[in-house]
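K.L.:
With chain A's structure known, arrange chain B on it following the hints.
Listed below are the residues making up each chain.
Number of protein chains: 2
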Amino acid sequence: MQKSFEVLGSARDSKARRGRLTTARGIIDTPAFMPVGTQGSVKGVSPRELRELDAQIILGNTYHLFVRPGLDVIKHFGGLHKFMNWNGPILTDSGGYQIFSLSKLRKITEEGVEFQNHIDGARAFISPETAMEIQAALGGDIAMALDECIPYPCEYDYAAQSTEMTTRWARRCKEANVQRSTSNFDKSRAGAQLPTSETDSINSQLSTLNQLLFGIVQGGTFEDLRKQSAQAIVELDFDGYAIGGVSVGEPEEEMMRAVESAEPFLPKDKPRYAMGLGTPPQLLEMIARGMDMFDCVLPTRLARNGTAFTDTGTLNLKNAEFARDKRPIEENCVCPACRGFSRGYIRHLVKTEEILGLRLITLHNLRFYLELMNRARAEIERGTFDQFRKTFVADYKSEMQ
Amino acid sequence: MQKSFEVLGSARDSKARRGRLTTARGIIDTPAFMPVGTQGSVKGVSPRELRELDAQIILGNTYHLFVRPGLDVIKHFGGLHKFMNWNGPILTDSGGYQIFSLSKLRKITEEGVEFQNHIDGARAFISPETAMEIQAALGGDIAMALDECIPYPCEYDYAAQSTEMTTRWARRCKEANVQRSTSNFDKSRAGAQLPTSETDSINSQLSTLNQLLFGIVQGGTFEDLRKQSAQAIVELDFDGYAIGGVSVGEPEEEMMRAVESAEPFLPKDKPRYAMGLGTPPQLLEMIARGMDMFDCVLPTRLARNGTAFTDTGTLNLKNAEFARDKRPIEENCVCPACRGFSRGYIRHLVKTEEILGLRLITLHNLRFYLELMNRARAEIERGTFDQFRKTFVADYKSEMQ
Chain A
1 MQKSFEVLGS ARDSKARRGR LTTARGIIDT PAFMPVGTQG SVKGVSPREL
51 RELDAQIILG NTYHLFVRPG LDVIKHFGGL HKFMNWNGPI LTDSGGYQIF
101 SLSKLRKITE EGVEFQNHID GARAFISPET AMEIQAALGG DIAMALDECI
151 PYPCEYDYAA QSTEMTTRWA RRCKEANVQR STSNFDKSRA GAQLPTSETD
201 SINSQLSTLN QLLFGIVQGG TFEDLRKQSA QAIVELDFDG YAIGGVSVGE
251 PEEEMMRAVE SAEPFLPKDK PRYAMGLGTP PQLLEMIARG MDMFDCVLPT
301 RLARNGTAFT DTGTLNLKNA EFARDKRPIE ENCVCPACRG FSRGYIRHLV
351 KTEEILGLRL ITLHNLRFYL ELMNRARAEI ERGTFDQFRK TFVADYKSEM
401 Q
Chain B
1 MQKSFEVLGS ARDSKARRGR LTTARGIIDT PAFMPVGTQG SVKGVSPREL
51 RELDAQIILG NTYHLFVRPG LDVIKHFGGL HKFMNWNGPI LTDSGGYQIF
101 SLSKLRKITE EGVEFQNHID GARAFISPET AMEIQAALGG DIAMALDECI
151 PYPCEYDYAA QSTEMTTRWA RRCKEANVQR STSNFDKSRA GAQLPTSETD
201 SINSQLSTLN QLLFGIVQGG TFEDLRKQSA QAIVELDFDG YAIGGVSVGE
251 PEEEMMRAVE SAEPFLPKDK PRYAMGLGTP PQLLEMIARG MDMFDCVLPT
301 RLARNGTAFT DTGTLNLKNA EFARDKRPIE ENCVCPACRG FSRGYIRHLV
351 KTEEILGLRL ITLHNLRFYL ELMNRARAEI ERGTFDQFRK TFVADYKSEM
401 Q
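In order, the protein sequences belong to chains A and B.
Numbered per the working numbering, the first sequence spans residues 1 to 401.
Numbered per the working numbering, the second sequence spans residues 1 to 401.
Be aware that one or more of the hints could be misleading.
[Claimed, not checked] As a list, the in silico SDA-like pairs of lysine to any residue whose alpha-carbon atoms are at most 25 Å apart:
#1 A/K82 x B/P328
#2 B/K82 x A/D120
#3 B/K351 x A/I119
#4 A/K351 x B/G121
#5 B/K326 x A/R48
#6 B/K351 x A/T38
#7 B/K351 x A/A323
#8 A/K75 x B/G121
#9 A/K351 x B/H118
#10 A/K351 x B/L302
#11 A/K82 x B/C333
#12 A/K351 x B/R301
#13 B/K351 x A/E49
#14 A/K82 x B/E353
#15 A/K104 x B/K326
#16 B/K75 x A/D72
#17 A/K75 x B/T352
#18 A/K82 x B/D239
#19 A/K351 x B/E353
#20 B/K351 x A/D120
[Said to hold, decoys possible] Pairwise CB distance ranges (calculated):
#21 B/A378 x A/N332: 39 to 47 Å
#22 B/N332 x A/G70: 47 to 55 Å
#23 B/L8 x A/G340: 29 to 37 Å
#24 B/T391 x A/N332: 52 to 60 Å
#25 A/N305 x B/P264: 52 to 60 Å
#26 B/L8 x A/E331: 41 to 49 Å
#27 A/L71 x B/N332: 25 to 33 Å
#28 B/E52 x A/V334: 18 to 26 Å
#29 A/N305 x B/A378: 42 to 50 Å
[Claimed, not checked] Partial pick of chain B residues on the chain A-facing surface, computed with a CB cut under 10 Å:
#30 G70
#31 S342
#32 E353
Worth flagging that the hints you see were computed from the coordinates, not collected in a lab.
These numbers come from a predicted model, not from an experiment.
From the three backbone atoms N, C-alpha and C, an ideal C-beta is built for every residue, glycine too.
Next comes chain A alone, as it looks inside the complex:
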């Protein structure tokens, strides 16, 4: 089998890597940022705008899509790509994180998780096997194994038992995926004789033949559990490895330590994905610690609150000081907001709750995150990443902290 990931270069004075991940629907240059398309839409942004921002991959939240519009509907439309009109790569999460953070009355057993969704309270059950089935139906280019995201803080014993169960779940995910791929391959030969809707359905499943599967390292804030988890998950041989259970409320040092504890046990020739984080400095710190992929709702969520990212920190554009400011959000930024609009005008839009305001800030913030990855890649290639990271982190002042 062809390798899906290549390391093209490494930093001299940190673990930062410049890589390239090849998926069924396109190449992802790493370090990479993945805009979050929670419910089949990156909030406030159209697929065309995402392409213009040079987003190479987006994330879809399995839990949200499972609840609304439901799998049947997405299957009917031939998978998530066709449904939302995005033909680039998509990574789907397993749904586990949202089950634990959003749903009601969840009950975790060795078999899987029973829960009531947060919208209409309907009961559902997700096992490692169904998590794989659901993601196959969504048809993303990268699927994630089902894990239990350990809360913070957490007792050692619970964390240890949970981490071991996550490993057992990961094995079941891997096995389920191998089985389905094999059986789909047989089915696909008959595809041409079936009516259109059937063929569509099989085409959607077919694409999962090329679906990469990432395993997730857990272990909470415990160094030995992170190490054990990494070793056990790596033994199962996934296409990539995620660090889960980070950015769940723990102090930043704990988050860094969790990644540092697991990273040495991850193979160098596979992509590493630090899940659900973070601020711009955190992303650079994670890159320096050997991480390749990121997803985070901060650029879109803060935009809806009037907050814009810049090299020197966040700006709250609601503030009166911007009312007469003719400058763009950030000088030299080439995003659609900065090319055409002043801080003063965007402030007016935010204050009057005009949708264009959050649209413009969202575009700027996504561009900022994507461009930060661009710069990180270039600095790694030039061998100057570590200096870049130090300068950036020192100059960046966040209002959020």
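P.N.:
Here is chain B on its own, set in the frame of chain A:
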């Protein structure tokens, strides 16, 4: 002075006209629809999208902009065009309509209107002269005289007195505009020696030298008052004539009669603007009655509620029937929503309150209104407008009525 309006052709069997209005910032083909940019933004839509929809002119609401961000701010940015990054024509209303419909504690006297705005309750006073000053500062390409919009229903005596006052206010608007244009012309010669902010301010005023001014016909639902008002306003010689006080809650027949009562007294060589309406069939009926220009919030407002316009009536995309509908909102429509997205996906976005949903429906609805005017112009040119209107009106079923 060069004529700003040309009638290029007329329908054979109705009063429909095909015309062309030339303003300082571009040509407007009539019949024309003007998307409403209430607070310096057509709700949900970017200026680039408006250009791609071939909108030739948009409307700005003086009252809203006066309240937020305030005139000082817009002057500071060099006028409304620069503030909102729209370089095509803008028509500004006088602010009167919103003062009467939104503000609190308004007191109308011969001198003008004192009111408290609906946002922070600050008191302000607008006279015919200040309405002209404010619109000069906004720098729109077409300004509107200050009028009192008569409510429905209304006693004859009040309507008669109000209509006469509107005529006196119209005269004062006209005089104030002539005076300011003359004095600005002198000031502009010194512009080059002034500091930038001063020059900006004068440049903004300079553009008002080319600002067209439209008078507004009132008269409520009374035929004789509509006639008297039209005659008196026309005598003042404006660049165009609006029919105001329509679509304020009266039955549709009353609305048609109000326009029919005034129209015969409007000069054929000036544009006629039917204010604040209406449904697609109403627009065609108004065109058949000699109207050239329209503005209406329906396409943007209904979009935010999930309602889309089609040739056969409105669709409420929240309805369950659309959940699996793979068709675009309307077959053969070339708007960005119909080119890329299914009814089923848009329904999902609306149900999950994703902003992209209202964005897509807004684009479709604006395109629908603009395209309806395109078709009306072509049908008038071909001499087939009346048949087109009858067929369209007969086929159109509105959920709103």
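K.L.:
Does each hint hold? Answer for all of them.
P.N.:
Now the hints, each set against the structure:
no.: 1; hint: A/K82 x B/P328; verdict: 13 Å, holds
no.: 2; hint: B/K82 x A/D120; verdict: 47 Å, violated
no.: 3; hint: B/K351 x A/I119; verdict: 11 Å, holds
no.: 4; hint: A/K351 x B/G121; verdict: 16 Å, holds
no.: 5; hint: B/K326 x A/R48; verdict: 20 Å, holds
no.: 6; hint: B/K351 x A/T38; verdict: 14 Å, holds
no.: 7; hint: B/K351 x A/A323; verdict: 35 Å, violated
no.: 8; hint: A/K75 x B/G121; verdict: 53 Å, violated
no.: 9; hint: A/K351 x B/H118; verdict: 15 Å, holds
no.: 10; hint: A/K351 x B/L302; verdict: 23 Å, holds
no.: 11; hint: A/K82 x B/C333; verdict: 19 Å, holds
no.: 12; hint: A/K351 x B/R301; verdict: 19 Å, holds
no.: 13; hint: B/K351 x A/E49; verdict: 22 Å, holds
no.: 14; hint: A/K82 x B/E353; verdict: 20 Å, holds
no.: 15; hint: A/K104 x B/K326; verdict: 33 Å, violated
no.: 16; hint: B/K75 x A/D72; verdict: 55 Å, violated
no.: 17; hint: A/K75 x B/T352; verdict: 18 Å, holds
no.: 18; hint: A/K82 x B/D239; verdict: 51 Å, violated
no.: 19; hint: A/K351 x B/E353; verdict: 21 Å, holds
no.: 20; hint: B/K351 x A/D120; verdict: 13 Å, holds
no.: 21; hint: B/A378 x A/N332: 39 to 47 Å; verdict: 46 Å, holds
no.: 22; hint: B/N332 x A/G70: 47 to 55 Å; verdict: 30 Å, violated
no.: 23; hint: B/L8 x A/G340: 29 to 37 Å; verdict: 34 Å, holds
no.: 24; hint: B/T391 x A/N332: 52 to 60 Å; verdict: 55 Å, holds
no.: 25; hint: A/N305 x B/P264: 52 to 60 Å; verdict: 55 Å, holds
no.: 26; hint: B/L8 x A/E331: 41 to 49 Å; verdict: 47 Å, holds
no.: 27; hint: A/L71 x B/N332: 25 to 33 Å; verdict: 32 Å, holds
no.: 28; hint: B/E52 x A/V334: 18 to 26 Å; verdict: 20 Å, holds
no.: 29; hint: A/N305 x B/A378: 42 to 50 Å; verdict: 46 Å, holds
no.: 30; hint: G70; verdict: 9 Å, holds
no.: 31; hint: S342; verdict: 7 Å, holds
no.: 32; hint: E353; verdict: 9 Å, holds
This entry does not satisfy hints 2, 7, 8, 15, 16, 18, 22, going by the numbered hints stated previously.
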